[in-house]
Amino acid sequence: MTLAPETTGLKVRLRLSDDWFTACELSALLPGRGVAALLPDGGQVALFRDRDGGLYAIDNRDPFTGAAVLSRGLTGSHRGRPFVASPLLKQRFDLTTGECLDDGAIRVETYEVKAA
Amino acid sequence: MTATPGNPPTIVLVGHGMVGQRFLEALAERGLTRTHRVVVLCEEPRPAYDRVQLTSYFSGKTPEDLSLTDLALLAEHGVELHVGDPAVAVDRDARKVTARSGLVVGYDVLVLATGSYPFVPPVPGRDAEGCFVYRTIEDLLAIEAYARTRARTGAVVGGGLLGLEAAGALKGLGLASHIVEFAPRLMPVQVDEGGGAALLRTVEEKGLSVRTGVGTQEIVTGEDGAVTGMKLSDGSELATDLVVFSAGVRPRDQLARDCGLAVGERGGVAVDERCRTLTDPHVFAIGECALAADGRVYGLVAPGYEQAETAAAAIAAEDASFTGADLSTKLKLLGVDVASFGDAHGTADGCLDVVYSDSRAGLYKKLVVGRDGTLLGGILVGDAEAYGTLRAFTGSVPPVSPESLVLPAGAGAPTQLGPSALPDDAVICSCHNVTKGTIRGAVTEHSCTTVPEVKKCTRAGTGCGSCVKVLGRLVTAELEASGVEVDQGLCGCFAQTREELYEIVLALRITSYRDLLDRHGRDGARGGEGCEVCKPAVGSIIASLAPAIGASGYVLDGEQAALQDTNDHFLANLQRNGSYSVVPRIPGGEIAPEKLIVIGEIARDFGLYTKITGGQRIDMFGARVEQLPLIWARLVDAGFESGHAYGKSLRTVKSCVGQTWCRYGVQDSVRMAIDLELRYRGLRSPHKLKSAVSGCARECAEARSKDFGVIATSNGWNLYVGGNGGATPRHADLLAQDLSDAELVRLIDRFLMFYIRTADKLERTSTWLERIPGGLDHVRDVVVHDSLGICDELESLMRAHVSHYRDEWAETVNDPEKLARFVSFVNAPGMPDPVVGFVPERDQMKPDLPLLDIGLRRPSQDDLLEGSTRR
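If you read the protein sequences in the order shown, they are chains X and F.
Residues 79 to 194 in this note's numbering are what the first sequence lists, from first letter to last.
Residues 27 to 897 in this note's numbering are what the second sequence lists, from first letter to last.
Errors might be hidden in some of the hints.
[To be verified] Mimicking EDC-like on lysine to aspartate or glutamate, the simulated pairs with C-alpha atoms at most 20 Å apart in a straight line are: (1) K197/F <-> D165/F; (2) K844/F <-> E103/X; (3) K358/F <-> D76/F; (4) K232/F <-> D384/F; (5) K872/F <-> D631/F; (6) K168/X <-> E789/F.
[Claimed, not checked] Chain X residues, not near chain F, derived (Cβ > 12 Å throughout): (7) L88; (8) R93; (9) S95; (10) D96; (11) A194.
Everything labelled a hint here was simulated from the structure, so no lab data went into it.
Positions of the beta carbon are idealized from the N, C-alpha and C atoms, including for glycine.
Could you put the whole structure together from the sequences, leaning on the hints where they help?
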C-alpha cells in the first residue's frame, strides 16, 4: 500500500486499539462531505468533518448492501445528531454512535478521531 | 333464495357500465361475493369505463386510462365477467339468462343495468355512411377514424351536454363544427334562456357554429352513399361530411320488455323503492334503464350509483331505498363552466329569482329562492366556483343574502362562504353521497391529513371530481380547527416548499446553501448541517438559476460539491457494489460509426459491461472511482460530453428516424431531437427530464411517455407534456398543436422553466401537472397565453442557461484539484477498493456482490429455471 506523503499541518488521526493512526491531512476533508481511508488491516473507514470543524469516523461499509460507500453519502443533522445517509438506499447512520436512525437493530463501528 | 351447499346462489348482472361496476363493488363490500356466485354479461368489448369522461379520449386519455375496472380485484372476488357477450334472452320461469354466445346461466337474482341507447331521430338517411352516435369508446374510435380520413366538416344534432362535448371533440379533430339544436337554446334541460344566451356566446367564440330552434329533416347523401349534408326545418341546407346524433338517450329496456317485465310509458323498467322490478321479485333494475319509484328515469351517474347501492343492500336484506335524487350537475364544457342544481328552473310555487348576468364576459348566474329565503336551486354559467357551496346550502336559508353569493368579486360585497359555514349533513360529493360530517370524521377520527388520504377513506372526490376544491378547503379547515399544523415544508430544515425556496434564491440571489439555511431555515436547523433532503434540492435550485443569480454553473465548485448526491459528486451513476456507470451523451440517439468504435474500445480497455439504454445511448458499467477520469479523458478527446445520466436534469431526447428515411415521416424528427437535446442539456431540474420526438403520428419514439414529447404533423409539431413511464405510467397531454420550430422551442423553454420554478422536490412533470391547482389548463394559460405575465422571464432564464452551458466532464478532466477527489482512498490514491469485484457472465462481467449479514437473500441453485439463460 502506498500512503500519501505526509506534509506539515494538522492531520486526522484515528485510535486503532492503542495506537493513533494518521489517516490524512485535515485539509483533505471538505465540510459536509466524506472521504474513505484504508486501514492497516485492510478495513475501510469513512471520515467526515462538519461545518464547525467536528470530526467523525465510522466504518465505510454500508451494512444494508455490503458496498464500501458510506463516505460518499450526504451528511446532515437530525435533532442535533450528526448523520450520514447511505448513497445507495439512503438509510441514515449517526456519526457519533454508528446507530442506524432508520433501523435501531443496525449499527456500524465508530472510531475515536482527532486532529493533531 | 335457498342455498344448497356447494351450489351457492347466483347473481347475474346484465350490463357492465359505471352503475354495473358500482353494483359489483357494493356486493363485494357487503360480502355477497363470498356467499354468491356472481356472473356479469357485458355487451361492450371492454369492461366498465368512465363514460362521464368519455370526451377526454380526445384530449389524450386512452381507453385504459378511462377504465374503472380492476380485473385482478374482480377475479379475487370470484366475479365471472364475460365481455363482448350481451344477454339476449331471459326466461323468468326457469330463471335463466341466455347470452349471445349461447352461454346459459341460471340465476337466483337478476340485475339489469343495461343503461340507455342514443336516440336517433327518425329522419331519412340517418343510417348513411358518416352518421354516428356518441356513447361508447367504440363510437369515438369510429368518429376519429372517419374524421381523420373522410371529413372536413362535422355537424352535431343536439345541443345538450353530450352534443356540446361531441362538437368540441370534432373541432379538436380539426373539423369545422356545427351544432343543430331543436330547442331555442343550448342545454335546454340544464339552463334557462339567460344561461343559454351566455353559453351560446362563449361557444360561438370557440369557433363553433350554432343553429338553435331548427330541426333536422333529412340527411343528404352523395352518390357513394356517404353524408354530404343535412336539410333543416327552416328550409336551409347545411353541408357536412359527418353527422353525430346526440339528441338524448332512451332506456335500454328491450330485454325486459321481451321477458314481460313492466316498463314505463316512455320506457324504463319499472322498479320499487328498493330497485326491485314491480313484476318479478327476483329481478332488479338499476341505472339509466330503470324507471325509479318516483316515476323518473335518471340519466346521471350519481343516482345510478345510489340505485346500485340500494339494490345491493336489498339483496343483502339491509334497509335501503331509492326514492329520487338530486339532479345537480357541474360540468366544464368546451372550457366553460356550467352548473345547475336543485330547482334550477324555478318550478316551486311563489319562488323568486336572483340573477346576475354579464353577456360580455359570458357570465350568467341565477339563484332560485323561496319566499322565506330558502335557497331552492340555481344555474351558473361561465363561473361555477360557488357551485359546491351553493349546492350544499340548497334547502336551507344561507347565512348571507342571496345576491352576495352571485355577484362577482369586487362588485359590492363579494362573499366567499367557506365550507365551515356548511351544516354537517350537507352533501359535498354527490357522486358518492359523502357528507361534510363524513369528511370531517375522516380527519378527526381516521387521522387523515391530506386530500388523497381523505379521498381514499371516504371516496369523496373520486367521481366527477367537481368537489375536490371544496374538499381541499374543508380538509385544511378541519386540520386547522383540530390544531394540526399543516406542514408544507421541504424537510426538517426548511418550512418553505421547494417553490418558495426557488423564489427566495432567485429574488435574493442567494448562491450558498449555508447562507440560505442560516437565514431562512427553521429555527432549530439554522447553523446546523442541513440534511440529505434539502441539500441536493437546494443544490439543484442554485444550479438551475446559476447564470441568473451569479453562481457557478459547475456543480463541483466550492460548497456546491458538498450538496450533490454521490452521483452528481462523481458525475457518474453509483451501482450496487460501489462501482459506477458511465453514459456519454448521444444526442437524439444518432451516432457515427467512428464514435461507436471509440465507445467499444474504451469499454474493452477498461473491462466495462456495456448495455444499450432505453434512451438510445450506451451505458458502460463497472468503472471504479479512480477509473472515471481516465475513461472520460478518452471520451472527451473523442468529442463526447457528459450525458447527465447521473443528474436530476435532461437525460435524452429520443427520436425515430423521421422523414429522412422513413416512408411515413412528415418532419425531420432526428434533427429536432438533436436540437432539443443540445438546447436543454445540463439543465438541472426538480427531477430527471426525458423527451422524445416522433416523425409522424405513428409515434415510434414513444414521445407521449415523456416529460415533454413532440410529435410531427404535416403542419409542424404537436407538443405533449407530463408523460411518464415507470411505476405510474401516464400519457402526456397535448399542450399545443401545429407549432413551427421556433414556436415549439419557445413553448418548451417556458414549460420547463415554469416546471422548474413551481415543482416540488423530486416531482416529475406528470405528478406536478396533476398536483398544481388548475392542472393542464392552468399550465397552458401560463405558458401559452402568458396569463401571469412571466413568460419573458421564463424565456430569459432559459436563454441564460443555454448560453452558459459547459460540459462538466471536460471541465473536470482539466482541473487537477477536482480530479484528486476521484480516489477510493484518501491515503492510498492508486489503490482500488477491494470490495468492488466482478465475476464473468454471458461474455461480460457482473458485480461480485459482497456477502451480507442482513437483508437480501442470495439466489440459490433452486432459482435457476430450466432452460434459462446461463448466469
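List in ascending order the numbers of the hints, as given earlier, that are violated by the structure.
-> none
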